[in-house]
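K.L.:
Residues per chain are reported as follows:
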Amino acid sequence: MLRFILKRLWNGGLTLAALVTLTFFVMRLAPGGPFSKNRKISPDVQANIEAAFHLDEPVWKQFGRFVWGLLHLDLGPSTRFRDYSVGDIIASGLPYSLTIGFWAVVVASVVGVALGIAGALRRNGVTDYVAGIVGVIGIAIPIFVIGPILQVIFALKLGWLPVGGWDAGLRSLILPVLVLALPNIAYISRLTRTSMIETLRENYVRTARAKGIGWRRTLWKHTLKGALLPVVAYLGPATAAIITGSILIETVFALPGIGRHFVDAALNRDYPLVMGITLLYGGLLILFNIGTDVVRAWMDPRLRNAQ
Amino acid sequence: MTADPLLSVRDLTVRFRMPEGQSVAVDGVSLDLAAGEVLGIVGESGSGKSQILYALMGLLASNGAVGGQALFQDQDLLAMTPRQIDRVRGQSLSMIFQDPMTSLNPYIRVGDQLAEGLMVHQGLTKRAARAEAVRMLDRVRIPDAANRARRYPHEFSGGMRQRVMIAMALLAKPRLLLADEPTTALDVTIQAQVLDLMAELARETGTAIILVTHDLGVVARLCDRVAVLYGGRIMEEAPADLLFDAPAHPYTRGLLAAMPRLEAALTPRLGTIPGTPRSGGGDVAGCPFVDRCEVRLAVCATTRPPLYELRALGLGRRSACHLSEPAP
Chain C
-2 MLRFILKRLW
8 NGGLTLAALV
18 TLTFFVMRLA
28 PGGPFSKNRK
38 ISPDVQANIE
48 AAFHLDEPVW
58 KQFGRFVWGL
68 LHLDLGPSTR
78 FRDYSVGDII
88 ASGLPYSLTI
98 GFWAVVVASV
108 VGVALGIAGA
118 LRRNGVTDYV
128 AGIVGVIGIA
138 IPIFVIGPIL
148 QVIFALKLGW
158 LPVGGWDAGL
168 RSLILPVLVL
178 ALPNIAYISR
188 LTRTSMIETL
198 RENYVRTARA
208 KGIGWRRTLW
218 KHTLKGALLP
228 VVAYLGPATA
238 AIITGSILIE
248 TVFALPGIGR
258 HFVDAALNRD
268 YPLVMGITLL
278 YGGLLILFNI
288 GTDVVRAWMD
298 PRLRNAQ
Chain Y
18 MTADPLLSVR
28 DLTVRFRMPE
38 GQSVAVDGVS
48 LDLAAGEVLG
58 IVGESGSGKS
68 QILYALMGLL
78 ASNGAVGGQA
88 LFQDQDLLAM
98 TPRQIDRVRG
108 QSLSMIFQDP
118 MTSLNPYIRV
128 GDQLAEGLMV
138 HQGLTKRAAR
148 AEAVRMLDRV
158 RIPDAANRAR
168 RYPHEFSGGM
178 RQRVMIAMAL
188 LAKPRLLLAD
198 EPTTALDVTI
208 QAQVLDLMAE
218 LARETGTAII
228 LVTHDLGVVA
238 RLCDRVAVLY
248 GGRIMEEAPA
258 DLLFDAPAHP
268 YTRGLLAAMP
278 RLEAALTPRL
288 GTIPGTPRSG
298 GGDVAGCPFV
308 DRCEVRLAVC
318 ATTRPPLYEL
328 RALGLGRRSA
338 CHLSEPAP
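Just so you know, the protein sequences line up as chains C and Y, in that order. Just so we're aligned, residue -2 is where the first sequence starts under this note's numbering, counting upward by one. Just so we're aligned, residue 18 is where the second sequence starts under this note's numbering, counting upward by one.
Just chain Y, with the same shape it has in the complex (with noise of 0.2 Å):
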């Protein structure tokens, strides 16, 4: 979409070895990101959406192989060997976590936890790298961030460990940030806060963000750009606005239905999509989706739907769908 994306990620595949044989979580998935855009991916559990972070971030299961290219900063991520992508991982690409109660050490203070990566990839002395620390945990608003500083996870609340994880995560000044379901592990009342926290601090220092999630209202709040995953492809592809406005895949339609809504908070169902929903599993000849889809045609069952570009509906909107496909 811009001329010379941050990110640019082309035919991603992500394969596991299981013992029933191979399981394929994300395929083909093509994405770009600009500096400092905010785009959201989301889709139900099992869809791959986690598992292209964790691809993107060199940090799949060991029994998980990774195809594709992801161009970032001109350096193709799924090539790198250990201590390149080391060195990247530091300093331009960070990635937050979905359980904070779990992905902070217990046995580190925290600001040592925090001060660490300076220390590593840009030298800081021990005294220098806490007092960025205490900097940093200060402006994501932990009270008394020095003495906090000196404390254990365990001492911290949810919230307030997500929290550690951003400062942690945002400490490097990293290009990109990678999000991954990062307050589906808190409580309601917090979520919000620590999402626009987030995102404040992104934007101050320029970072783009891919935040995964599958809550629609985090994405219609946050994002610029929404990709929706199912089966491990992007059904479709637009921007946060339009997608809400006029949803051009039926997969999407059916989300949104099952989506509460003030204005119709008198009917007495929400939507649903029928069947349950593919996780896995080999691959498919036609579209993922074909079992669920209550408009599907022949065709759907037999050949892969091509992103098709829409123009008509506006710049950068795609979708993956037979219906979706262009007049001659």
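Extracted from the complex, chain C is given alone in its bound form (with noise of 0.2 Å):
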């Protein structure tokens, strides 16, 4: 199992210098720099940023200084916010962004997960009917318009909720996390379902039922695991795809995210940004990737052996 994890760290770790090769020379293509957008200055001044950035290399050597940065550690300086590192960005808004979309995550497993099993157990019954609606509805209408939605029932009707900010603790995690959550609520609960409907028609649950150790036995023990290895498969991209994609829901509930500066990063060419945001973003993707796989090796002992 060890081997396996360090084996798939290092096929992470060269997938990832690809994906950071691939950017760098990518945004370096994109027409425009990170001083173009500025008012009219002076030649001479705009020498001068550059050279201070060293945009005025010739782009190898940049990518050398680059990498030869990232081994320190160092993602060097933002061109937009100055007087911030790339590093500092990230450290004061991945908390935000790691919190919602772990929250997220627990939410949408569990009650997706949930709602998918009863569904399963009680086919074309209440549960399944209302899981079946709300699973239309979390795929159907995107973040942008449920969110405000939201926003105007609970925070500006009701004003039980904040409608946006990170002031009210646990109140102002409430509506984000939700939000989050609703599209993945619904798929979780249809993919659950589905997988359960398959595996209580697999011949070793009817084998389980042969053995007369009862209903409760029979599902917990010889029908979930099997039923819950693709939920586990979904989950792993899922994950890293949650924690990632609040952009919108950083901006809708206007949260001091990472989110909202991977956007912001691209359109002003902030490059240094651009590359430690991908970075981020990349290396998350892979470890939750791992983890997955991980998971599921220790739950199916078939995969035990193909690795």
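Hints should not be assumed to be uniformly reliable.
What the hints assert, rightly or not - With a straight-line cut-off of 30 Å between C-alpha atoms, the simulated DSSO-like cross-links for lysine-lysine are:
no., chain 1, residue 1, chain 2, residue 2
1, Y, Lys143, C, Lys218
2, C, Lys222, Y, Lys143
3, Y, Lys190, C, Lys218
4, C, Lys222, C, Lys4
No lab work stands behind these hints, which were simulated from the structure alone.
Hey, can you piece these two chains together into the complex? The hints should help.
P.N.:
Here you go:
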């Protein structure tokens, strides 16, 4: 198992290196630069600024400088937010994004799996229909629609929760987490339901019933594991996507997370910040994928030998 | 047949609700089984033979409905609550399934799958149950049973998995074992070996067997008595040796003619039964075999033949054919 993890980490590192290299050069290929949008400044000043950020050097040399910095865990200074290093910016925003993302994943998994199992056990019952409706709503309505609707209802009309921001402690978490979790609740509940129904039809579940060990034990010991494997496989990449995909949420709810920096950085050609966030998102995705594979191998003995 | 049978099935019917209407899989089957007896149920695919076993186990698909009565140790299996049937399943009634490759749980160690029933039904500790499981694996000739018990099903070959299934089924020393084509999924070379093992262990524990198969060779080898099923009904019932020597029903004769025989190795073709087997469908007024029967009478299409006792041909022989009607 350890060898497997190390091997996956090594492969992940290679993937990340490729991703970073590609992003570096694609960014340079895009027209414009970090300081081309500024109001008119004299060519001398422009040259001075570019020299300060080493933008006057040839691209291969800049790349070498970037890699050298990376090896020293230094992502360099942001070209847009003066006096802040990329590391500072990420460190200030990441905790918010991680907190929201973590709770959204927890809520989505627990509620999604519960709804899915309930739906599979009582097919075409009330719970199943309610879960189905929630599913359609969650998948079909985008975040920037459902977010403001919930804001109007719970913040403006009822006044129970803050409209946005981070000042109200736990209460300011509720709406963003809910909105971020909703599409995933929908997807996970559908996935769990289908998988559960399929597993219940498996021959080995019939064997378990034939042993007369009781319905509850048949369900918990013999059905759940197989039914949840596809859900786990989905959860890994989904977790990375939820944490990194909170850009819209952070905008709608005015949260000081990291997502909004990503878009800004790309638009402003803030090369170092783009590189930093790309590295972060890529790393998260790879880590969660490895985590998923480890959990699945732990759940399914057949996967262990294949590795 | 015996004064106090272990299992007494009366007028068992199994129907399935289908999109296109009701389908009758088992149509008024009655059977008796004595303790320790081996009964074979033979028939073509779709004759309803497996559904009889599923009905007895309470494992019919959710669109299936069962009728009739099945007294097992003086209790009606078909009228039990889920809790009651669970108690019977784990202790005195076991089943071996057709496909050993998919019938074991891939996520649970083989030893633990065996031990589970003992822990639930006999209140054994995990340790005691595991030891018992290893002993049983040893008896079904799994080499190095103690280590093998800690392995997962995918690390076993098909034949070994079916032996594990047999071990699991016989672990509780059941009074009756239901075996649904236990060897069809296995290589021909190990089929006999697995069957002999099953029969041998059942004999040791005094367990009766109902063996569902379409293999007449298996029947000849293992069974005391045979019931031939067609279209969900019993066509003929007889002691195994008598059935092969002197089949009474036209369908049985057709089946036997279609079986390769050593002494007939020089005949260029095997016999066939014309037409296609009926399966399911609605109720039929007459004999289900009428369309394919070579000796049919006018009455066969309109009147259902009862299962006549054939006293003249020997004890315990029955045939559902108008031609078998005893002279008054």
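K.L.:
For every hint, state whether the structure bears it out.
P.N.:
Hint by hint, here is what the structure shows:
no. : hint                  : in the structure
1   : Y:Lys143 <-> C:Lys218 : holds, 15 Å
2   : C:Lys222 <-> Y:Lys143 : holds, 21 Å
3   : Y:Lys190 <-> C:Lys218 : holds, 24 Å
4   : C:Lys222 <-> C:Lys4   : holds, 26 Å
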